[in-house]
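Colleague: So you can see what is in the structure, the chains are spelled out below.
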Amino acid sequence: MEKYVSLEYVDMVFSGRQGKFCALRDVNLSITQGEFVSVIGHSGCGKSTVLNLIAGLLMPSNGVMLCAGREIGGPGPERAVVFQNHSLLPWLTCFDNIYLAVERVFGSTEDKASLKKRTHEALALVGLTHSETKFPNEISGGMKQRVGIARALAMEPKVLLMDEPFGALDALTRAHLQDELLGIVQRTGSTVVMVTHDVDEAVLLSDRIVMMTNGPAATIGEILTVDLARPRNRLELAENPQYHHLRGEVLRFLYQREAKAAA
Amino acid sequence: MSATVVALKPEATEAVPVTESKSGSTPPPVAEATPVAGEKRQRIMNILRSITLAVLPPMLGLAFFILIWVGISLVAPALPGPAKTWDSAVVLFSDPFYNNGPNDQGIGWNILFSLQRVGTGFGMAALIGIPLGFVLGRFKFVNDMASPIISLLRPVSPLAWLPIGLLVFKAADPAAIWVIFISSIWPLVINTAMGVSKVPQDYLNVARVLNLSEWKIATKIMLPSAMPYILTGIRLSIGVAWLVIVAAEMLTGGVGLGFWVWDEWNNLNVEHILIAIFVVGIVGLLLEQALLLLAKRFNY
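One line per chain: the protein sequences are A and B, in this order. Count the first sequence with this note's numbering and you get residues 1 to 263, in order. Count the second sequence with this note's numbering and you get residues 1001 to 1300, in order.
Extracted from the complex, chain B is given alone in its bound form (with noise of 0.2 angstroms):
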């Protein structure tokens, strides 16, 4: 009970200043006296007031998750609350690359290798998907001859891929990277080709007129003209990835954050199970703004 309250304090701690300055805001007695000063001030508490209604409402939405967190943590005490969680992040981040043999690794190992399968998954999805994904968004007769195997495979649960997998490769781990791969192919193959579909029939036109050669079409026309569909591909397809190494890795063991997961539930240590759903969700987080960002450059 006395930890929880610990755990709230930085929150509370932090509310702090941020309401000082909005209620600071309001009443600006001094500033009549010196316009420009008064200027200067009111812009800086534009600013303030701007960073506050950014920052306050996550701030708030998180304290109202820890809180329910707290309430639920009491009801039922087999889950572990905030502050136990914390303490124990604590004590697991600050030795992140530590190695006991392959069923004990520190958690920096853990995500390094789930990301290392989800990049090499992904990786060789990229390289048949794009091409693929232009091939039938180019030639609408392959398109025909491929959109009924796409639409029948697409809805498969990742996982059902699984013992294929085991089956062909003989082994849990390029099993579990097989499983990346037909899971996360679809989105960029489908994003691909109506990306290039789609190329407006003003650029066809001057590729027309200038007669271009068809490498040159690819080239210059059709896969800058598609680059944000392709993009947005990508990101859904790291997504489906990064969703479902939890559950390929639970199934495959090895070093990977689903092992651990699963590890851990056996060990009955629940702290950790919590910790590695906020890591998988943060690095998720973090892999979907990187992607975002990079679209940008691309939005003409």
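This is chain A alone, in the form it adopts within the complex (with noise of 0.2 angstroms):
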């Protein structure tokens, strides 16, 4: 398949106080379109630094990286992001928070009719209607993913980005998320690129997990295919010996061949 998202030879040098911190070195990743990539590691190894560099709000010390035939060389909507922390801007209500991303990006070619209708359509997706007009502080955590996610994909990204997207979440909504997000990219194609330190969680959704072994200098250690059907469900998947055999493979990585200490 071809390549839609690239990275060759990517090398990532922070100059901090304490002198030049080697973060990435010589990382190689294609990504085809419309595939779902997880990035999994210990904390520290760079995988969000990996995903940061792919967003363009970090550029690298070395290496080419190209995104739809074209070299990334700054953030831009085409690469959306969903942070960590949702990033929703707290003094403007869920609507307008995705109006913002929707106005940014179709607002040249298209009239504030079909603007609205775009981020009524996003809300629905994430299935958060009714709490179009509140703020983000008064909807849930979940909630507010939720539309840090609709944020994004209603600006029809070539690439989703997303950050640990349910990190902070309980695990009851975390679940619920993830199979929101499973049937989301199922309808809409999305090329998506997903950061993650959740195993079940890299398995569920991924077709791909990168591996990456421990900074500094951390780079890839192992790509798995995950060849599980489309659709996924949680529930069956709980008694698919492949499903448990993948998760096998990502836990041996994790735990034997990149075993750290409790940081």
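Incorrect hints may appear among the rest.
[What the hints assert, rightly or not] Here are the computed lysine-lysine pairs in the DSBU-like style, where the Cα-Cα straight-line distance is at most 35 angstroms: (1) Lys1170(B) - Lys116(A); (2) Lys1216(B) - Lys112(A); (3) Lys1198(B) - Lys1296(B).
[Said to hold, decoys possible] If you want a taste of the chain A side facing chain B, the calculated C-beta under 10 angstroms gives, among others: (4) Pro75; (5) Arg79; (6) Ala80; (7) Leu88; (8) Trp91; (9) Thr93; (10) Pro216.
Worth flagging that the hints you see were computed from the coordinates, not collected in a lab. Built from N, CA and C at the ideal position, the CB exists for glycine as well.
Please dock the two separately framed chains into a single complex, following the hints provided.
Modeller: Structure (structure tokens):
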């Protein structure tokens, strides 16, 4: 399959107060269109750095990054980000938070009614039509994250980047949102890169799981292809031996090959 | 002597029902007969008690204050006591808007003229200070350029600016407004710059991913995010302006509380000076409370 997003020999060196710190070395990754890729690794391994590089929020010290045949030169709405802490603007309603993004992407080509329609559709997609006039501090953490996802999806990005999108949520809400995300990705055919530290989440959602070695100078250790048929169902997978095998593979990588003392 | 007793009496009569309701809340003998009524009674008692606890300490403090005032006025007979001041205030406020020429106008006019000067000076400070602070907060280079000048000028006593104002404007009233302007602009600049530079990186990342224009970043992200800081700046700034107005008007004259204080000092009408002090305090308090109320609205 054709490469849609590709990272070639990407290094990331941060210069901090204690001198230079090499976070990533020789990261090579290519992602095809419509693929769901998870990046997993221990904390501090630079998995969020990979995501921020693709987002264009960070610039690599070395190497080439391409998205849809063009070099990534900075952040842009075609690579929408769902932030870990939702990052909704607290002074805007849920509707206005999404509208701000929609207006930026489609404002020059579409009229107001159409922009509003897009915003309503995005809210409906995550099932939040009833709280569109609410402010972020009036809704629950799970709902905020859903608005964050809706905001990203409403931009119709080429790639959807998610930085531990469900990390701050309780287990039940997380499972619920994972199921919702599965459905949404199924319907929209989005290309997704998701950073996670949750093994079950990675196996449940991904087509491939990118496993990172420990930092400093972290790189991709292994890439695991998740050949489970879609649509996937959480309950059916619980009995599926292939699912447990894949889960075991990831766990083995994390706790045997890249075992890390508790930080 | 007898006059001071009269002055204390309203305080004393107010305190009596307060203590009564407090002692009444302790024994509930009737309540046991009907539990529902007792519950209601209990709730009313609780409300009464919380009101008592909220009102009693300030009242006691005020009573103490007046007592000390009485004591001082007994020791130093030149200082009028509360009763005399009160009588004088009643006369003064019964006709607040008379006008007997530029040197003799009602207390209402004096307050309004002072407020108008503060409003003008502060308004101009806000008009220049907030955008300036915005630019300083947004662009570190400009901030580094401006910070030595600001640090140098900020600690200068407001009245040191008065001669410059008189020199440039060649009139007393603009000079007073100039002093208000220059002394109230610093909290605005500094707080706005602080607020803008402290916009959380998360929000800026959103702006970067959305590729928002500089105008959108300013209006949709920076301004709302910095709003609590800006409002603190406004509050401090109006506080300073109101603090400075009396001194500025003392020196420049015209109608206003400061000039009035000086005029009454020349007339040796000490009651009116005391009244002026209270008026300045109360107006300052009201301004502060109004702005705090406004600030609550912007607490996300």
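Colleague: For each hint, tell me whether it holds in the structure or not.
Modeller: Now for the hints, and whether the structure bears them out:
no.: 1; hint: Lys1170(B) - Lys116(A); result: violated, 58 angstroms
no.: 2; hint: Lys1216(B) - Lys112(A); result: holds, 17 angstroms
no.: 3; hint: Lys1198(B) - Lys1296(B); result: holds, 19 angstroms
no.: 4; hint: Pro75; result: holds, 4 angstroms
no.: 5; hint: Arg79; result: holds, 7 angstroms
no.: 6; hint: Ala80; result: holds, 7 angstroms
no.: 7; hint: Leu88; result: holds, 8 angstroms
no.: 8; hint: Trp91; result: holds, 4 angstroms
no.: 9; hint: Thr93; result: violated, 12 angstroms
no.: 10; hint: Pro216; result: violated, 23 angstroms
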